[in-house]
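Each chain, written out:
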Amino acid sequence: MDFSILQYQFMQNAILAGLCGGITCSIVGVFVVSMHLSFIGVCIAHAAFAGALLGVWLGFNPLVGALLFSLASAGIIGPMADRGELNPDTSIGIVFSLMLGLAFLFMGMMPGSRTEALNLFWGSILTVTRQDLIFLVIVTAMVIGLVVAFYKEIQAVICHRQVALAVGIPATLIFYGLLFFTGVTITASLRSIGGLLIYSLILNPAAAAYQLTYSLKRMLLIASVFGIISCWAGLATSYFLDLPSGASIVITSSIIFGLATAFSPKRKVKGWQQVQLAN
Amino acid sequence: MDNMVISIKDAVVSYREDVALQGVSLKVRKGEFIGIIGPNGAGKTTLLTVINGLGKLVQGQALVLGMPVNGRNGIKLRKRIGYVAQVESIDPRLPINVRETVMVGRYGRLGLLHRPTQTEWKNVDRVLDMVGMAGLAQRPIGHLSGGEYQRAAIARALIQQPEIFLLDEPTASIDPQAQREILSLIQLIHREYHMTTLFVTHDLRQLPSTCQRLILMKEGKIWQQGSPESMLKGEILSQLYGATVSIPAKAEVAF
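Same order as they appear, the protein sequences are chains A and B.
Under this note's numbering, the letters of the first sequence match residues 1 to 279, in that order.
Under this note's numbering, the letters of the second sequence match residues 1001 to 1255, in that order.
Worth flagging that the hints you see were computed from the coordinates, not collected in a lab.
All of these numbers come straight from a predicted model, not from anything done at the bench.
For each residue, glycine too, the CB sits at the ideal point set by N, CA and C.
Treat each hint with caution, since some may be false.
[Claimed, not checked] Partner residues aside, some chain A positions facing chain B, computed with beta carbon under 7 angstroms: (1) Lys152; (2) Ala156; (3) Cys159; (4) Val167; (5) Ile169; (6) Pro170; (7) Tyr214; (8) Leu216; (9) Lys266.
Please work from the sequences and hints to get the whole structure.
This is the structure we're talking about:
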């Protein structure tokens, strides 16, 4: 196999984008999976996609649109779900359908070629720009830094949110902070992975790690490794077999999830629960 | 009065159109053990949430541990109040073990950007030993039985070193043996630490014998209050619950 390709700038950028995207998406994934709020990730991903399309249509930086839309959707979903006026699934579903509608509306309004819009749809890790890469590296450093700094609060909120509130942890602030960084992470990875596919990179490595350990620290590490493997294996598949990169990354991460589930030591938990219920 | 730790005056709490508390006034002295009983929907849990600042007062005032309860100081207040709710349904795959769950109780007092020290982890181990959970310290929290989960919840409240201990139906949905053990533990804690304790239950058989005052709640109001001897009468309880109630044998109340 010829590895001389590694000396080219575009491939080095793609490898770095895969490393950062794999880590950040997986870390954010651990949060949403552990909180059983996976659909929030889908919704924010579609909001980012809609915002990016608005940017393409109106001629401003798509990542700015993606960031504004993803943060706005997180800002709408959180309070709606918290106040209990609507079932969280209902409120997320409404925002999700609105964002999907806006995405198609913006795409429909675009004059001429829609190549850039389609790139945002599918993602292209091989054509990631230096500007996008810098943004992604900054976001990765911020996400890792915040997880290290606020690990104990994050653990309390994702595992016992009501308890966290009752013991005097600023649980609501931490919860909205997690939603905020979900939005920022999705925005930063949008060009590499694509608006329709990024959600799988958030969910699959985290869900796979969730099958393998009861330790949050280990789960964050395992999910990050799975995320990086997904990105790099997907990138290699994409390059050597000439397949779409976003799709390759997502399929790789799905295979990892399938393997983790098949060999999960937690499968016996189901049997244990049945014994408990029988008693 | 210096030793008054809770002073609530004319508290009104509503959830949209439902009024959960209607002009409740209550004073609690330091170290008192109070039982709060009443049918479902009487406002017992809402009263506890007023005390720890999670319930929003529409009218009235609450002074807890010398602080007026309002939206601004809720976090500060809750660091000083232990809260144990009834057993909740929990994901058996949740990535947190018993020891870590108990340490969560300390996180509020530790504050942001401070990590637990070795001494604090040793304190967690000591408290786990006290509640009889030392052998299950490394077990995932989702793998505990209802009684074990409540022991862990009590340990979590204790590690907080609270000045007020709120217990909201802590023995609901667990088996009778575990109920007796949890009640014994709660009484032991009160004897050892003399924490101001408010114990909510709708089940008279779950009322700890160390209860010094009994508050009877009905339709969002404090309907009657007094010593357990004066309140635990068939006629009063039948009116409270709207059905004939027989007084549990002393052995059952006191276990």
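Outcome of the hint check:
1. Taking 7 angstroms as the C-beta cut-off, the interface hint given for Lys152(A) holds, the closest approach to chain B being about 5 angstroms.
2. About 5 angstroms separates the beta-carbon of Ala156(A) from the nearest beta-carbon of chain B, less than 7 angstroms, and the hint is met.
3. Because the smallest distance between the Cβ of Cys159(A) and any Cβ of chain B comes to about 4 angstroms, under 7 angstroms, the interface hint for this residue holds.
4. A distance limit of 7 angstroms between C-beta atoms decides the matter here; for Val167(A) the minimum to chain B is near 4 angstroms, and the interface restraint holds.
5. Because the closest C-beta pair between Ile169(A) and chain B is about 5 angstroms apart, less than 7 angstroms, the hint holds.
6. Because the smallest distance between the Cβ of Pro170(A) and any Cβ of chain B comes to about 6 angstroms, under 7 angstroms, the interface hint for this residue holds.
7. Satisfaction of the interface hint for Tyr214(A) is found here, the shortest Cβ-Cβ separation to chain B being roughly 4 angstroms, below the 7 angstroms cut-off.
8. Given hint, Leu216(A) at the interface with chain B, holds; its Cβ is 4 angstroms from that chain's nearest Cβ, closer than 7 angstroms.
9. Interface restraint check: Lys266(A) against chain B, minimum CB-CB distance 5 angstroms, threshold 7 angstroms, status holds.
Hint compliance for this structure: every hint is met.
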